[in-house]
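Asker: One-letter residues, chain by chain:
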Amino acid sequence: AQKVTQAQTEISVVEKEDVTLDCVYETRDTTYYLFWYKQPPSGELVFLIRRNSFDEQNEISGRYSWNFQKSTSSFNFTITASQVVDSAVYFCALSPPSSASKIIFGSGTRLSIRP
Amino acid sequence: SQTIHQWPATLVQPVGSPLSLECTVEGTSNPNLYWYRQAAGRGLQLLFYSVGIGQISSEVPQNLSASRPQDRQFILSSKKLLLSDSGFYLCAWSKGAGAYNEQFFGPGTRLTVL
Numbered sequence: 001a002q003k004v005t006q007a008q009t010e011i012s013v014v015e016k017e018d019v020t021l022d023c024v025y026e027t028r029d030t031t032y033y034l035f036w037y038k039q040p041p042s043g044e045l046v047f048l049i050r051r052n053s054f055d056e057q058n059e060i061s062g063r064y065s066w067n068f069q070k071s072t073s074s075f076n077f078t079i080t081a082s083q084v085v086d087s088a089v090y091f092c093a094l095s096p097p098s099s100a101s102k103i104i105f106g107s108g109t110r111l112s113i114r115p
Numbered sequence: 001s002q003t004i005h006q007w008p009a010t011l012v013q014p015v016g017s018p019l020s021l022e023c024t025v026e027g028t029s030n031p032n033l034y035w036y037r038q039a040a041g042r043g044l045q046l047l048f049y050s051v052g053i054g055q056i057s058s059e060v061p062q063n064l065s066a067s068r069p070q071d072r073q074f075i076l077s078s079k080k081l082l083l084s085d086s087g088f089y090l091c092a093w094s095k096g097a098g099a100y101n102e103q104f105f106g107p108g109t110r111l112t113v114l
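Chains as they are written, first to last, in my numbering: chain A, 1 to 115; chain B, 1 to 114.
Careful: at least some of the hints might be erroneous.
[Claimed, not checked] Pair ranges (Cβ atoms, derived):
#1 Thr30(A) x Pro14(B): 17 to 27 Å
#2 Lys80(B) x Gln83(A): 42 to 52 Å
#3 Ser57(B) x Val13(A): 33 to 43 Å
#4 Ala39(B) x Val85(A): 37 to 47 Å
#5 Ser20(B) x Ala81(A): 42 to 52 Å
By construction, these hints were calculated from the structure, which means they are not laboratory data.
No residue lacks a Cβ here, since even glycine has one placed at the ideal position from N, Cα and C.
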């Protein structure tokens with residue numbers, strides 16, 4: 001099965017706290033790509049990161065970091081020192097070659113940052 | 001640079017009326033194009049995708065149809081809207097058929113069927 005699970009439906013934290021969004025995926029492909037997207041209240045999805053399944057090195061971009069663990073099929077996203085502007089719905093997604101041109105999205109995690 | 005446009009931004013239509021949503025991409029050629037629907041508070045549902053002019057793949061049997069009359073134009077249509085067609089419709093494009101190609105999304109159309 002090709003599937004992405006974001007078990008956390010909603011998360012609410014106080015500003016400046018660190019928060020981790022979980023993502024677990026299933027795929028029969030040995031090569032695949034993983035993505036994270038952000039959907040702010042305006043609605044448009046914004047691409048955040050792409051990760052190749054061969055590259056397990058963690059990535060950091062400013063306050064954002066991603067932890068890819070192939071052994072546990074997880075691709076978690078951490079926001080450090082959260083800000084109100086981080087409030088959005090975040091989607092994790094999987095793109096395996098066997099799915100042709102399609103990306104498989106998780107159901108999303110709604111993150112609310114309280115001032 | 002590439003941009004993707006959708007219109008209209010919002011639409012309120014009565015049940016049984018027709019629908020036409022348009023999506024165009026600028027700054028690239030031969031993109032893959034996608035239509036998604038997002039019900040209120042829910043995830044993304046892939047409706048259609050196209051790898052070329054006149055080539056449409058349908059993911060979910062439904063009241064909607066899609067067409068790609070030009071390379072960078074993707075249209076979502078319905079002959080008779082249902083209440084369940086309400087939602088947020090997103091168009092997206094990607095550079096090609098490779099799994100590594102991220103999708104870029106348009107601003108969306110919020111459709112309310114009354």
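Asker: The structure should be examined with respect to each hint, and the outcome stated for every one.
Answerer: To see whether the hints hold, each was checked on the structure:
no.	hint	in the structure
1	Thr30(A) x Pro14(B): 17 to 27 Å	violated, 50 Å
2	Lys80(B) x Gln83(A): 42 to 52 Å	holds, 45 Å
3	Ser57(B) x Val13(A): 33 to 43 Å	holds, 40 Å
4	Ala39(B) x Val85(A): 37 to 47 Å	violated, 26 Å
5	Ser20(B) x Ala81(A): 42 to 52 Å	holds, 45 Å
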